[in-house]
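> In the order they appear, the protein sequences are chains A and F. Each residue of the first sequence is one higher than the one before, starting from 1450 at the first, in our numbering. Each residue of the second sequence is one higher than the one before, starting from 1450 at the first, in our numbering.
Check the hints yourself; a few may be wrong.
To be verified - Ranges of calculated distance between the beta carbons of each label pair, as one might list FRET restraints: (1) A:1737 with F:1508: 45 to 55 Å; (2) A:1476 with F:1702: 49 to 59 Å; (3) F:1630 with A:1710: 33 to 43 Å; (4) A:1672 with F:1702: 27 to 37 Å; (5) A:1653 with F:1620: 41 to 51 Å; (6) F:1739 with A:1612: 56 to 66 Å; (7) A:1499 with F:1630: 22 to 32 Å.
What the hints assert, rightly or not - Below, simulated DSSO-like cross-link-like pairs (lysine-lysine); rule was C-alpha separation at most 30 Å, straight line: (8) F:1638 with A:1638; (9) F:1701 with A:1658; (10) F:1638 with A:1701.
Said to hold, decoys possible - One side of the interface only, derived from the structure: several residues of chain F facing chain A at Cβ under 10 Å: (11) 1473; (12) 1523; (13) 1525; (14) 1551; (15) 1619; (16) 1625; (17) 1655; (18) 1679; (19) 1688; (20) 1711; (21) 1731; (22) 1780; (23) 1782.
Bear in mind the hints are in silico, worked out from the structure with no lab data behind them. For every residue, glycine included, the Cβ atom is placed at its ideal position computed from N, Cα and C.
Listed below, chain by chain, are the residues.
There are 2 protein chains.
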Amino acid sequence: MSQLHVAIAGATGAVGAEFLRLLEKREYPIGRLTLLASRRSVGRTLRFRGEDLPVTELTPDAFRGVDHAFFSAGGSQSQAFAPAAAAAGAVVIDNSSAFRYDDEVPLVIPEINPEDAFRHHGIIANPNCTTIITLMALAPLHRAFGLRRAISSSYQAISGAGAQAMAELERQVHDWVAGRSLEVKHQPKQIAFNVIPRIDAVQDNFYTKEEMKFVWEGRKILHHAELAATATCVRVPVFRSHAVSLNLEFTKPVTRDRALSVLRDAPGLAVQDDPTAEIYPTPIEVSGKNEVFVGRVREDISVPDGRGLALWVVGDQLAKGAALNAVQIGELLLRGR
Amino acid sequence: MSQLHVAIAGATGAVGAEFLRLLEKREYPIGRLTLLASRRSVGRTLRFRGEDLPVTELTPDAFRGVDHAFFSAGGSQSQAFAPAAAAAGAVVIDNSSAFRYDDEVPLVIPEINPEDAFRHHGIIANPNCTTIITLMALAPLHRAFGLRRAISSSYQAISGAGAQAMAELERQVHDWVAGRSLEVKHQPKQIAFNVIPRIDAVQDNFYTKEEMKFVWEGRKILHHAELAATATCVRVPVFRSHAVSLNLEFTKPVTRDRALSVLRDAPGLAVQDDPTAEIYPTPIEVSGKNEVFVGRVREDISVPDGRGLALWVVGDQLAKGAALNAVQIGELLLRGR
């Protein structure tokens, strides 16, 4: 395989750090790596394969000769620079929500809709972190039993709000232990010892954008425009893995055993389901792992005719929920269909 | 009002402390207060109205002359001693699940089904903490729009697992800040910076008992045997207030505005719902408050014909979720129908 020129836009963020770790660990075929960030990070260096690489400024001209550009610098930066990167010949794999709802931009989870990736025109969108983690369990069940409706309540780690928010949780906990008053700056309210049911902007229908992402992105990735879906997204004082409580309704009857069998066969998924033996996934235990984990599978007793399931899904927000899925999209392009 | 002889069984626990605080604050008409606990707590004293009262041993003979006995010493202690207390002439208000599903024992939330309290035969059961908090919002909506199905995912504070579990969260956080390894003893897994989707024993249908309590108790309190209900109960690293994400389906159409109007008129409930202005309840903000708080009210976009709602409910687990509701039952008996 030829060696690529790869760029990371937003290299100094929480997802940026995860890109560096995964590209090295997975032996992505990199000949040259360009690290890009906003002007205030220029001058810093980041370690990759034992070398300290300089961070340079994210500008429209930064993408000459770049093959794959991983963007995780926020929606406005993607809006501003991804088209220039694509015009310069790079394939942009964008972790922001800027292009996800554009019909011309594929939205891809490689285990679910890999074929969509090859329809790109220079930009491929990486789905929302909670959407990726949820759909990893939901898509194989949809294929087997025909998903009619999905109800989601999330338990989202602070990593999803970025490196400064992660530092804020850590600082609040230190201050609490030291008996100091707690400072709230990067989250709408105190996050230590609290949960916050508002992530991203409130929409006209009173859902947040984070909640609507699950609806919009779920329909697009599953190619299921009629999917009935609703979400409540909640931030919890956990550092880096998201959990989701799901109630699903299907067109076909489903049992716990048949669901477990479908989930066990699904790629990228690991079943941990023996609650009497304390076997079920939790955020602390899955952090740093590549798979998405499923447990607490139950036949939903509130759905008639055995057509419902309740389950619990957990995945690393920074890995499969962000950088890993993006890197897997790049690997998919390299591998070809 | 004549002065009562009141007993608290389980006086040294987290709910016991809340009983002492509330009985004093609400000027419960107490002439004599007997504090009962297991043998290992005998010799301790607890403060009430400026006096240090001795803790004595919980035995079948401890209830002679007692008018109201508040029990919060765990299910097995209630099983062992509540019948003796009732036989001695006390009215037992029991915070455990021991008698909740007994047809002869009323299960009461004073704002919802006060009339049931007067059918007691010596024992009245206090509902599960999460059930109380959830039903405070759900009951008025049921009366207005006819509840067909309720889907709940909870965010439950560690106070629900008792004083030792609260101390464990605190110790884990101190150890984490100090860079020491974390000890797990009173919870199935690490609770600091984690969430745990298993509360109480796993049942034959793979739901936990905590989850089934919502189903069983909801039907009994609402006198609604056909209610379709499902729950996923999750412990979060929060000290003392529970939150619940609810998706509700009704027989009649409902709008956000009509739902808000019903909720604003409901006793014991406070609406905090302006998410763009960061107005929604969180556990830290409602701790120590008597009301149950509701916010994030949305018309559920996944339910056809405008018959669904999504909402977020938060209440103090130790107050309205336990001791306050029990004290209110006692006050209801004193007031009469």
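> All hints, please: hold or fail.
Verification of the supplied hints:
1. A:1737 with F:1508: 45 to 55 Å: holds (53 Å)
2. A:1476 with F:1702: 49 to 59 Å: holds (58 Å)
3. F:1630 with A:1710: 33 to 43 Å: holds (38 Å)
4. A:1672 with F:1702: 27 to 37 Å: Once the Cβ atoms are compared, 31 Å apart, the range 27 to 37 Å for residue 1702 of chain F and residue 1672 of chain A holds.
5. A:1653 with F:1620: 41 to 51 Å: Since the Cβ atoms of residue 1653 of chain A and residue 1620 of chain F sit about 46 Å apart, the hinted range of 41 to 51 Å holds.
6. F:1739 with A:1612: 56 to 66 Å: violated (39 Å)
7. A:1499 with F:1630: 22 to 32 Å: holds (30 Å)
8. F:1638 with A:1638: Holds - the C-alpha atoms of residue 1638 of chain A and residue 1638 of chain F are around 27 Å apart, at most 30 Å.
9. F:1701 with A:1658: holds (28 Å)
10. F:1638 with A:1701: violated (36 Å)
11. 1473: Result: violated, 26 Å to nearest chain A Cβ.
12. 1523: violated (21 Å)
13. 1525: Result: violated, 20 Å to nearest chain A Cβ.
14. 1551: This interface hint is violated because 22 Å lies over the 10 Å limit.
15. 1619: Where the cut-off is 10 Å and the nearest Cβ of chain A is about 9 Å from residue 1619 of chain F, the hint holds.
16. 1625: holds (7 Å)
17. 1655: Nearest chain A Cβ about 4 Å off; hint holds.
18. 1679: Status holds, d = 4 Å.
19. 1688: holds (6 Å)
20. 1711: Status violated, d = 16 Å.
21. 1731: Hint on residue 1731 of chain F: holds, closest Cβ of chain A at ~5 Å, below 10 Å.
22. 1780: Violated, because the Cβ-Cβ distance from residue 1780 of chain F to chain A comes to roughly 31 Å (cut-off 10 Å).
23. 1782: Constraint on residue 1782 of chain F not satisfied, violated at 34 Å.
In summary, the numbered hints that this structure violates are 6, 10, 11, 12, 13, 14, 20, 22 and 23.
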